[in-house]
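K.L.:
Chain by chain, the residues run as shown.
Number of protein chains: 2
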Amino acid sequence: MTERSRVKRGRKKASYDRTLVNSIIDEAWVCNIGVSVDGQALVQPSSHWRVGDELFVHGSVKNGLFQQVIKGQTACITLCILDGLVFARSAYEHSVNFRSIVLFGKGRLVEEPTEKRAVLDALLDKYSAGRSQEARPPTEKEMRVTAVFAFPIEEVSAKVSSGGPTDLPEDLELDIWSGVKPVSNVIGELIPD
Amino acid sequence: MTERSRVKRGRKKASYDRTLVNSIIDEAWVCNIGVSVDGQALVQPSSHWRVGDELFVHGSVKNGLFQQVIKGQTACITLCILDGLVFARSAYEHSVNFRSIVLFGKGRLVEEPTEKRAVLDALLDKYSAGRSQEARPPTEKEMRVTAVFAFPIEEVSAKVSSGGPTDLPEDLELDIWSGVKPVSNVIGELIPD
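In order, the protein sequence lines correspond to chains A and B. Residue 29 in the working numbering sits at position 29 of the first sequence, with consecutive numbering throughout. Residue 244 in the working numbering sits at position 51 of the second sequence, with consecutive numbering throughout.
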């Protein structure tokens with residue numbers, strides 16, 4: 001944790017626990033990567049995955065945002081899992097339950113062939129356990145056009161909001177329905193090609 | 194659409210259709226807002242909602258990121274809905290189906306009381322139709338500590354990836370399972386407080 005990654009607002013929801021951080025990264029499917037280009041923020045959604053203490057993203061080596069990462073700029077990566085809609089009795093206390101991550105880091109271009117293949121296999125195994133052993137392996141050309149970046153999971157914070165509404169004592173007696181509608185990301189059964 | 198918001202990579206998936214853009218913004222619950230602070234990107238997840246041609250976010254007026262918005266910096270806002278995991282026969286063609294938005298815009302601080310109340314009501318009605326008429330209305334103080342920003346939905350692009358895997362012709366005969374596992378965000382029944 002650094003001053004940059006320290007949570008300033010909503011500190012009661014903040015955590016720097018690495019096991020929690022990793023679990024959120026692993027459960028989420030999409031992150032957002034931000035860089036600064038001439039003083040203008042540029043953010044893009046991206047798939048991501050984790051191996052050990054690094055978060056990985058991949059894409060075309062021609063991607064403009066990745067060019068900033070290659071130049072050594074520290075990126076800001078976020079991800080957020082929505083867990084619930086919180087209905088309070090008061091309009092003001094309505095909120096969402098969530099688990100989110102904000103990570104700052106410089107991206108390392110993964111070039112060594114054995115490592116690159118291993119981390120891409122890990123991405124497939126995130127889709128479905130053992131998938132890397134089932135799919136037709138990548139060709140040399142397919143490996144070459146895929147850029148893979150590793151970001152250290154070090155300068156990172158999590159925020160977690162959970163539980164029910166926190167109405168003021170004087171609102172608790174109001175005859176207004178309240179509670180939580182849980183939200184979940186459901187992966188359905190395979191629709192064969 | 195401007196040069197900045199023109200999709201450079203994956204152009205076949207790009208769209209600038211406003212109806213499509215609005216539908217993605219409306220369905221998503223969380224966006225990511227990025228600004229640049231001294232050349233460093235700073236991105237934060239945030240709830241958002243839409244009224245007309247503007248995307249709204251709210252939070253504490255003390256939020257450091259919002260300070261950049263108040264100063265007039267153009268923010269970059271993204272959101273992404275995951276629709277499916279695409280299992281190809283080849284490792285390389287694995288992908289995700291998604292609908293995403295990248296929006297550039299300056300945020301307008303919503304201060305006029307009638308407008309501010311109306312857009313906050315619209316947020317509650319996104320949670321549940323008619324909720325703004327059920328909940329205990331905000332007090333003047335609750336209104337004052339909530340900062341609301343409106344971003345014009347103008348400099349915006351969408352990307353949509355859908356359908357099944359696109360394996361190479363020579364891979365189609367391989368005896369490897371393939372297809373799409375649909376992913377959906379499910380809002381459950383209320384768990385009363």
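Certain hints may be false.
[What the hints assert, rightly or not] Distance windows between CB atoms, simulated: (1) S23(A) <-> E304(B): 22 to 28 Å; (2) G64(A) <-> G245(B): 58 to 64 Å; (3) E3(A) <-> R301(B): 48 to 54 Å; (4) V379(B) <-> I176(A): 21 to 27 Å; (5) K255(B) <-> D125(A): 31 to 37 Å; (6) S377(B) <-> S161(A): 38 to 44 Å; (7) E363(B) <-> S23(A): 46 to 52 Å; (8) K106(A) <-> S377(B): 34 to 40 Å; (9) M143(A) <-> T307(B): 44 to 50 Å; (10) E327(B) <-> E3(A): 39 to 45 Å; (11) V61(A) <-> K206(B): 53 to 59 Å; (12) R202(B) <-> D125(A): 34 to 40 Å; (13) G232(B) <-> W177(A): 23 to 29 Å; (14) K106(A) <-> E196(B): 43 to 49 Å.
[Unchecked claim] Result set (BS3-like, lysine-lysine): computed pairs, CA atoms no more than 30 Å apart in a straight line: (15) K126(A) <-> K201(B); (16) K181(A) <-> K201(B); (17) K201(B) <-> K116(A); (18) K12(A) <-> K71(A); (19) K62(A) <-> K319(B); (20) K264(B) <-> K319(B); (21) K299(B) <-> K106(A).
For the record, the hints were derived by calculation from the structure and aren't laboratory data. Where is the CB? At the ideal position from N, CA and C, for every residue including glycine.
K.L.:
Look at each hint and say if it fits the structure.
P.N.:
Now for the hints, and whether the structure bears them out:
no. : hint                            : verdict
1   : S23(A) <-> E304(B): 22 to 28 Å  : violated, 40 Å
2   : G64(A) <-> G245(B): 58 to 64 Å  : violated, 31 Å
3   : E3(A) <-> R301(B): 48 to 54 Å   : violated, 30 Å
4   : V379(B) <-> I176(A): 21 to 27 Å : holds, 25 Å
5   : K255(B) <-> D125(A): 31 to 37 Å : violated, 43 Å
6   : S377(B) <-> S161(A): 38 to 44 Å : violated, 22 Å
7   : E363(B) <-> S23(A): 46 to 52 Å  : violated, 40 Å
8   : K106(A) <-> S377(B): 34 to 40 Å : holds, 35 Å
9   : M143(A) <-> T307(B): 44 to 50 Å : violated, 59 Å
10  : E327(B) <-> E3(A): 39 to 45 Å   : holds, 42 Å
11  : V61(A) <-> K206(B): 53 to 59 Å  : violated, 18 Å
12  : R202(B) <-> D125(A): 34 to 40 Å : violated, 26 Å
13  : G232(B) <-> W177(A): 23 to 29 Å : violated, 48 Å
14  : K106(A) <-> E196(B): 43 to 49 Å : violated, 28 Å
15  : K126(A) <-> K201(B)             : holds, 28 Å
16  : K181(A) <-> K201(B)             : violated, 39 Å
17  : K201(B) <-> K116(A)             : holds, 26 Å
18  : K12(A) <-> K71(A)               : violated, 36 Å
19  : K62(A) <-> K319(B)              : violated, 38 Å
20  : K264(B) <-> K319(B)             : holds, 29 Å
21  : K299(B) <-> K106(A)             : holds, 28 Å
Hint check: violations occur at hints 1, 2, 3, 5, 6, 7, 9, 11, 12, 13, 14, 16, 18 and 19; the rest are consistent with the structure.
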